[in-house]
Amino acid sequence: MITKRIIPCLDVKDGRVVKGVNFLGLADVSSPVKLASYYSACGADELVFYDITASAEGRQLFTEILTETASTVFIPLTVGGGINSVSDFDRVLKCGADKVSVNSGALRDPSLIRDAARKYGDQCVVLSIDAKRVDGRFRVFAKGGREDTGLDLIEWVKRGVALGAGEIVLNSIDTDGVKQGFDLEMLSAVCEATSVPVIASGGAGCAADFIELFKTLPKVDAGLAASIFHFGDVKIPDLKRALCEAGITMRMIKEQPC
Amino acid sequence: MLAIVDYGVGNLFSLKSSLAHIGVEACVTGDADTLRRAQRIILPGVGAFGDAAEKLRESGLASVVVQEAERGKPLLGICLGMQLLFEKGFEYGEHAGLGLLPGAVRPIAPIIGAGLKVPHIGWNALSFPESKTKSPLFAQVDAGECVYFVHSYAAMECDAVVTATAEYGVQLTAAAGLANVMGTQFHPEKSGDVGLRILKAFSAL
Chain A
1 MITKRIIPCL
11 DVKDGRVVKG
21 VNFLGLADVS
31 SPVKLASYYS
41 ACGADELVFY
51 DITASAEGRQ
61 LFTEILTETA
71 STVFIPLTVG
81 GGINSVSDFD
91 RVLKCGADKV
101 SVNSGALRDP
111 SLIRDAARKY
121 GDQCVVLSID
131 AKRVDGRFRV
141 FAKGGREDTG
151 LDLIEWVKRG
161 VALGAGEIVL
171 NSIDTDGVKQ
181 GFDLEMLSAV
191 CEATSVPVIA
201 SGGAGCAADF
211 IELFKTLPKV
221 DAGLAASIFH
231 FGDVKIPDLK
241 RALCEAGITM
251 RMIKEQPC
Chain B
1 MLAIVDYGVG
11 NLFSLKSSLA
21 HIGVEACVTG
31 DADTLRRAQR
41 IILPGVGAFG
51 DAAEKLRESG
61 LASVVVQEAE
71 RGKPLLGICL
81 GMQLLFEKGF
91 EYGEHAGLGL
101 LPGAVRPIAP
111 IIGAGLKVPH
121 IGWNALSFPE
131 SKTKSPLFAQ
141 VDAGECVYFV
151 HSYAAMECDA
161 VVTATAEYGV
171 QLTAAAGLAN
181 VMGTQFHPEK
191 SGDVGLRILK
201 AFSAL
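Here the protein sequences line up with chains A and B, keeping their order. For what it's worth, the numbering used here labels the leading residue of the first sequence as 1, then goes sequentially. For what it's worth, the numbering used here labels the leading residue of the second sequence as 1, then goes sequentially.
Misleading hints may appear alongside valid ones.
Below, a list of computed lysine-lysine pairs in the DSS-like style, where the Cα atoms sit at most 25 Å apart [said to hold, decoys possible]:
| # | chain 1 | residue 1 | chain 2 | residue 2 |
| --- | --- | --- | --- | --- |
| 1 | A | Lys219 | A | Lys158 |
| 2 | A | Lys34 | B | Lys16 |
| 3 | B | Lys200 | A | Lys254 |
| 4 | B | Lys55 | A | Lys94 |
| 5 | B | Lys200 | A | Lys34 |
| 6 | B | Lys117 | A | Lys158 |
| 7 | B | Lys134 | A | Lys254 |
| 8 | B | Lys55 | B | Lys88 |
| 9 | B | Lys16 | A | Lys119 |
| 10 | A | Lys132 | A | Lys158 |
| 11 | A | Lys132 | A | Lys143 |
| 12 | A | Lys119 | B | Lys55 |
| 13 | B | Lys88 | B | Lys200 |
| 14 | B | Lys117 | A | Lys215 |
| 15 | A | Lys94 | B | Lys73 |
| 16 | B | Lys16 | B | Lys73 |
| 17 | A | Lys119 | B | Lys117 |
| 18 | A | Lys143 | A | Lys13 |
| 19 | B | Lys117 | A | Lys219 |
Calculated directly from the structure, the hints in this document are not laboratory data.
Next comes chain B alone, as it looks inside the complex (with noise of 0.2 Å):
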């Protein structure tokens, strides 16, 4: 079973529909033996990285995510989900994130480059870096093939983790994974036929 962590953060609609729609069984649950239960978890989350961390910490689940990570299940942050997975965040102000990933969140703004609209909103190419194995959550996506975006920040100083890319006047974090702990800052829910192999690849993990 597949549980899908609820912390009052996100309409998870989309979520829940497109797993089944793959024959995936999901809960969204927000107790913590269902997810110590679970064989995988997925983060979700929108909104901003401070309520989001806060929230997650008041409802005592960022513990339980972190060690079950630890343990070596298959953790999949989605958008502010992935964010969350990293060190630190700087949405209105520094706050700490999970840890489990290296690296820092921050605005777009200062580095796309003039001309760029704010937020990165709408359906852009994925790339992988060629230097690395691919991860297995891309093993039936290939480079170029599209997936949907809505973001202001993002992950960087990161490049150790970077498991896939976004060109947006710079090249932005799409994805990032250190073994089980695997994050994508775009929506697989709502990126038509490209995103539900990507979760039915996580399922499978």
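Bound-form chain A, shown alone (with noise of 0.2 Å):
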């Protein structure tokens, strides 16, 4: 049976990885590369790399990194940030990238998700939602949350399957940084209206709100995070151990040098 999926997001600016990090035994521990390497030997089954560079010259960095990356770690990469057209899917694929996650891109214009997915397949599509909770009801919100794009979340879900999206992250902003677990309430609602594969995003701070997440929700596929990996609150073996032991069906790898 298909494992649950434990995913560390990297956010890279100028080259580097913003989000605090605090690792014992990496020297370098702000370099994308490294820091890919350790996730992958510590049994990460995927890694996003989202690049928050606005300067071309930054552009350039982030995809000699991610060439870089993609040439010493062999699991499966998703890229997101900046994917505003088909030729930033092509610039970002031929370094390596397997998945390409639009956000604000798609929602300006949403037959990039169409174009894209003609192009590359469904499974290389990853629609990527930042959503939170206005008047009772889930609202798209655009720009790294700061923008209200008055967007139904459901709708833009199912909108944005049916133009060919393979996959949904859910970030919700209502629990995002809070580490008091996952919104299960929004990530419900989204399994339900959609078939295709849902990562959880948003509010993980223990091992625990990872076995609620699965337990309760059977439907999604997976867990993303990002600080609490960074700063080793929770480190991926022992969080996959107690995954697997609570009954969820996980994927262990044999040398965890971590």
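Dock the two chains into a complex; use the hints.
Laid out in structure tokens, this is it:
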């Protein structure tokens, strides 16, 4: 049976991982390449690289780092941030990305999802959504959660999947950074609305939050987090062992140096 | 030298990098003579069966790959490249494959049962048929270790050549082989350390 996935997310700015990192035994903690290798060796099932650079120089640096990572880390890589056109897909796929995540770019021009899915296949297109409760409804936000689009979350999910999105990353702005657990209510609504894989993001503070996620919502395929992994609050081998003991199907690896 | 067949389908970045990572000299080539000179051949592929089979024939490389396989050269098909080794495929119509392995490639949707998603994407555990000797490809792999899959079609009617399966509602063909001709439905170049061990084993055949 397909395993549930644990996915660390690396925000990269000007060639460095931005969210603080606090690893023992890792000399250059803000090197995306080294951190990616470390996570891969620890049993991460997939990695997300998020480019938060605004400048052209930063983008070039990001592309170089992606190439270097994909040359040394052999697990699926998803790339997001600044993806506004099919040529952006092309740029990162050539550097070794397997999937490309779209967010604001798809909100501006939903046909980006369709065009990319036709060219590279649905499995390559990940629709990443930042959502928040507004007047008792789940609303989609753009630009890293700063701008209310007025769009209803469930309608956007259905539209995105109809256009060809092969996977949904749902980041709840309401639970993001709170470390009190994933937004099960919002995730449940999205799982009911679609049959493509759903990745939960925002709110995890400890291993128990992941166990609760997969136990409560068996339709959720993966849990994504950033700072709790970077800070070492949650160690991936321990997390996967705990999930395994709780009866969740996990990919366990032999050698774990971490 | 190992040759990766370049016939215009798919992104070969990860495959090239993973071979380089384990110290295997590989070249990506669409040249018939280079394929003939190579010690072993990898046939990659993503996309649809019919298109890929046609491109492989149009490039003139299909017959070279078959000839080299028949001469006993180790051949590894990956994902769609593995599917092409079979007699035929039923993706958007019926198409002839290379016919190096007996069996047909059919959609998994009708056989996996309701509630399971298609494509079959993600990490899944390998099982090896108990009645057979383990394929040399998996000499360093234990049953239960996970590899990475992305596919909506799988080889069927091929019990005689199945070398590994993965459970997804039913036992799907994860790998097949007949002497020097081998294929993996999953992507060894995306399957972490397990995948590298498989590529290493192939490179030592």
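Taking the hints in turn, this is what the structure says about them:
{"no.": "1", "hint": "A:Lys219 x A:Lys158", "result": "holds, 16 Å"}
{"no.": "2", "hint": "A:Lys34 x B:Lys16", "result": "holds, 20 Å"}
{"no.": "3", "hint": "B:Lys200 x A:Lys254", "result": "holds, 17 Å"}
{"no.": "4", "hint": "B:Lys55 x A:Lys94", "result": "holds, 21 Å"}
{"no.": "5", "hint": "B:Lys200 x A:Lys34", "result": "holds, 23 Å"}
{"no.": "6", "hint": "B:Lys117 x A:Lys158", "result": "holds, 16 Å"}
{"no.": "7", "hint": "B:Lys134 x A:Lys254", "result": "holds, 20 Å"}
{"no.": "8", "hint": "B:Lys55 x B:Lys88", "result": "holds, 15 Å"}
{"no.": "9", "hint": "B:Lys16 x A:Lys119", "result": "holds, 22 Å"}
{"no.": "10", "hint": "A:Lys132 x A:Lys158", "result": "holds, 17 Å"}
{"no.": "11", "hint": "A:Lys132 x A:Lys143", "result": "holds, 13 Å"}
{"no.": "12", "hint": "A:Lys119 x B:Lys55", "result": "holds, 17 Å"}
{"no.": "13", "hint": "B:Lys88 x B:Lys200", "result": "violated, 29 Å"}
{"no.": "14", "hint": "B:Lys117 x A:Lys215", "result": "holds, 19 Å"}
{"no.": "15", "hint": "A:Lys94 x B:Lys73", "result": "violated, 30 Å"}
{"no.": "16", "hint": "B:Lys16 x B:Lys73", "result": "holds, 20 Å"}
{"no.": "17", "hint": "A:Lys119 x B:Lys117", "result": "holds, 22 Å"}
{"no.": "18", "hint": "A:Lys143 x A:Lys13", "result": "holds, 16 Å"}
{"no.": "19", "hint": "B:Lys117 x A:Lys219", "result": "holds, 10 Å"}
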